[in-house]
Amino acid sequence: MPQSLNYLNESPSQTAGPYVHIGCTPNFSGINGLYREDPGSIMLNEKTLGDRISIRGGVYDGMGVPLKDALVEIWQADAAGLYASAEETRGQSDPNFSGWGRSPGDMESGEFVFETIRPGPVPYPDGRIQAPHITFWIVARGINTGLHTRLYFDDEQAANAQDPILSRIEQRQRLDTLIAKSESSGVYRFDIHLQGPEETVFFDM
Amino acid sequence: MTDTSRPRGGYIQRDRGWHPPAYHPGYKTSVTRSPQKALLSLPTTLSEETGPVFSQSIIGPRDNDLLHNHAADGESAIGSRILVYGQVRDQSGRGLPATLVEVWQANAGGRYRHQKETYLAPLDPNFGGCGRCLTDAQGYYEFRSVLPGPYPWPNGVNDWRPSHIHFSLFGEAFAQRLITQMYFEGDPLIWKCPIVNTIPSRQAIEDLIAPLDLNASIPMDTLAYRFDITLRGRRQTYFENRPEGL
Ligand SMILES: [Fe+3]
Numbered sequence: 000m001p002q003s004l005n006y007l008n009e010s011p012s013q014t015a016g017p018y019v020h021i022g023c024t025p026n027f028s029g030i031n032g033l034y035r036e037d038p039g040s041i042m043l044n045e046k047t048l049g050d051r052i053s054i055r056g057g058v059y060d061g062m063g064v065p066l067k068d069a070l071v072e073i074w075q076a077d078a079a080g081l082y083a084s085a086e087e088t089r090g091q092s093d094p095n096f097s098g099w100g101r102s103p104g105d106m107e108s109g110e111f112v113f114e115t116i117r118p119g120p121v122p123y124p125d126g127r128i129q130a131p132h133i134t135f136w137i138v139a140r141g142i143n144t145g146l147h148t149r150l151y152f153d154d155e156q157a158a159n160a161q162d163p164i165l166s167r168i169e170q171r172q173r174l175d176t177l178i179a180k181s182e183s184s185g186v187y188r189f190d191i192h193l194q195g196p197e198e199t200v201f202f203d204m
Numbered sequence: 000m001t002d003t004s005r006p007r008g009g010y011i012q013r014d015r016g017w018h019p020p021a022y023h024p025g026y027k028t029s030v031t032r033s034p035q036k037a038l039l040s041l042p043t044t045l046s047e048e049t050g051p052v053f054s055q056s057i058i059g060p061r062d063n064d065l066l067h068n069h070a071a072d073g074e075s076a077i078g079s080r081i082l083v084y085g086q087v088r089d090q091s092g093r094g095l096p097a098t099l100v101e102v103w104q105a106n107a108g109g110r111y112r113h114q115k116e117t118y119l120a121p122l123d124p125n126f127g128g129c130g131r132c133l134t135d136a137q138g139y140y141e142f143r144s145v146l147p148g149p150y151p152w153p154n155g156v157n158d159w160r161p162s163h164i165h166f167s168l169f170g171e172a173f174a175q176r177l178i179t180q181m182y183f184e185g186d187p188l189i190w191k192c193p194i195v196n197t198i199p200s201r202q203a204i205e206d207l208i209a210p211l212d213l214n215a216s217i218p219m220d221t222l223a224y225r226f227d228i229t230l231r232g233r234r235q236t237y238f239e240n241r242p243e244g245l
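Protein chains in written order, with numbering that gives the first Met the number 0: chain A, 0 to 204; chain B, 0 to 245.
The hints are simulated quantities; they were obtained by calculation from the structure and are not laboratory data.
Treat the numbers as computed from the prediction; the structure is a model and nothing was measured.
Be careful, since some hints might not be right.
Cβ-Cβ distance ranges computed for the label pairs, FRET-style [unchecked claim]:
hint, chain 1, residue 1, chain 2, residue 2, range
1, A, Pro1, B, Lys27, 43 to 49 Å
2, A, Gly195, B, Gln235, 47 to 53 Å
3, A, Ala85, B, Pro60, 22 to 28 Å
4, A, Glu197, B, Pro151, 34 to 40 Å
5, A, Glu197, B, Asn154, 26 to 32 Å
6, B, Ala215, A, Ser184, 55 to 61 Å
7, A, Ser181, B, Gly94, 42 to 48 Å
8, B, Asn157, A, Pro1, 47 to 53 Å
9, A, Gln170, B, Pro151, 38 to 44 Å
10, A, Ser184, B, Pro187, 55 to 61 Å
11, A, Met106, B, Lys27, 21 to 27 Å
12, A, Gln2, B, Gly94, 36 to 42 Å
Okay, derived cross-link-like pairs now, DSS-like style, lysine-lysine, Cα gap no bigger than 25 Å in a straight line [said to hold, decoys possible]:
hint, chain 1, residue 1, chain 2, residue 2
13, B, Lys27, A, Lys67
14, A, Lys180, B, Lys36
15, B, Lys191, B, Lys27
16, A, Lys67, A, Lys180
17, B, Lys36, A, Lys67
18, B, Lys27, B, Lys115
19, B, Lys115, A, Lys67
Coverage of chain A stretches by chain B, computed from C-beta distances (three or more under 8 Å per stretch; other residues unrestricted) [claimed, not checked]:
hint, stretch
20, 43-57
21, 82-96
22, 113-123
23, 128-141
24, 164-171
25, 191-202
Note that CB positions come from ideal geometry on N, CA and C, so glycine has one too.
Generate the whole structure from the sequences, applying the supplied hints.
Written as structure tokens, this is what we have:
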């Protein structure tokens, strides 16, 4: 027997279940007085640099029914393309921007909303520039492992055409599932389809 | 400042055969909520190799004490008092410091404090059911609670969840984001649970079962369970094929 590599296995994922909001957004679920605010509910303040945008959308199952028990998180760069992360080595990101948002969705409709800024461009490992994008992560009852996807902007056509990741999608008609649609100035709609003909492209990254 | 002891490559790809598959008919809700097309596999980029930072300043002194964080003054939640502790580490065994651990669970009777909860077990006015903490410099976390009760749920006509605690974890990078559940050593319901059984192998399921740790227990007070959590690791690449490494 050769030596062992001793890598540990990742802990297996389990569904977030129907009560994920108790643990992740307790104020939203009516458990008040524990946390001052639900984590991820506020991403910016009046001093944050960059163009204000809002992103809204729904998460739909294979029958086209919107989920009301999902939790959606986003992670993005600041206006200069820097991440508010200890792992960011290229410079200091905007101290007035967290880059991370979490939405439990609306109680009645299940729709999520994020009040954020338009992210700056971020380099791909080979030095090419990625089109402005926002990382999405979706968990819910019935989702066994959290789903990763990305939002790109419909008014960034030139950047999208050059994007190293979008260009990897062979079935070009599916590319549309990653593009948020501008509804009015600064307001984008991004629907996520877990299954079916409009199934969103999910990433294993 | 570069910490040369830390791996710097991209994240090791998830072993999808180790995790539960998205579609698992034994867990009925997964049937219409599982993507059916192949995931797009790509190496991680900066967007996945970075992740949010949480400050100790957001954490209240009772956030990791579920016995008291929703209790009236001088009172505490009803149930068997437990301490749950362990290490959050990556696949290289490196403890992950200052990472946010969020937990939620049913009360001792198996009832959640939630509008949609239908189980007839009673609410405990002194139990909220959620908590959080940041790991210490070596990646350790701990919290105090009550042993959650098993509960029935609508799937088959007589399916019961084993006692469990839900865990949400961040690590250092969004690529490591994970939600999972902790089970308790010796619970016969573990092996009958359709959600547990979405996990393909017995070995992987055992990774989610916390052993009783009498040595960490507090005599005449609290039983302890140890639950270590492993998040994805980075590749240890000394020669990375990135332009700055030419
Ligand atoms: Fe549960």
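Taking the hints in turn, this is what the structure says about them:
no., hint, in the structure
1, A:Pro1 with B:Lys27: 43 to 49 Å, "holds (44 Å)"
2, A:Gly195 with B:Gln235: 47 to 53 Å, "violated (41 Å)"
3, A:Ala85 with B:Pro60: 22 to 28 Å, "holds (24 Å)"
4, A:Glu197 with B:Pro151: 34 to 40 Å, "holds (35 Å)"
5, A:Glu197 with B:Asn154: 26 to 32 Å, "holds (27 Å)"
6, B:Ala215 with A:Ser184: 55 to 61 Å, "holds (57 Å)"
7, A:Ser181 with B:Gly94: 42 to 48 Å, "holds (44 Å)"
8, B:Asn157 with A:Pro1: 47 to 53 Å, "holds (49 Å)"
9, A:Gln170 with B:Pro151: 38 to 44 Å, "holds (42 Å)"
10, A:Ser184 with B:Pro187: 55 to 61 Å, "holds (59 Å)"
11, A:Met106 with B:Lys27: 21 to 27 Å, "holds (24 Å)"
12, A:Gln2 with B:Gly94: 36 to 42 Å, "violated (23 Å)"
13, B:Lys27 with A:Lys67, "holds (17 Å)"
14, A:Lys180 with B:Lys36, "holds (23 Å)"
15, B:Lys191 with B:Lys27, "holds (15 Å)"
16, A:Lys67 with A:Lys180, "holds (22 Å)"
17, B:Lys36 with A:Lys67, "holds (23 Å)"
18, B:Lys27 with B:Lys115, "holds (18 Å)"
19, B:Lys115 with A:Lys67, "holds (11 Å)"
20, 43-57, "violated (count 0)"
21, 82-96, "holds (count 7)"
22, 113-123, "holds (count 3)"
23, 128-141, "holds (count 8)"
24, 164-171, "holds (count 3)"
25, 191-202, "holds (count 7)"
Hint violations for this structure: numbers 2, 12, 20, all remaining hints satisfied.
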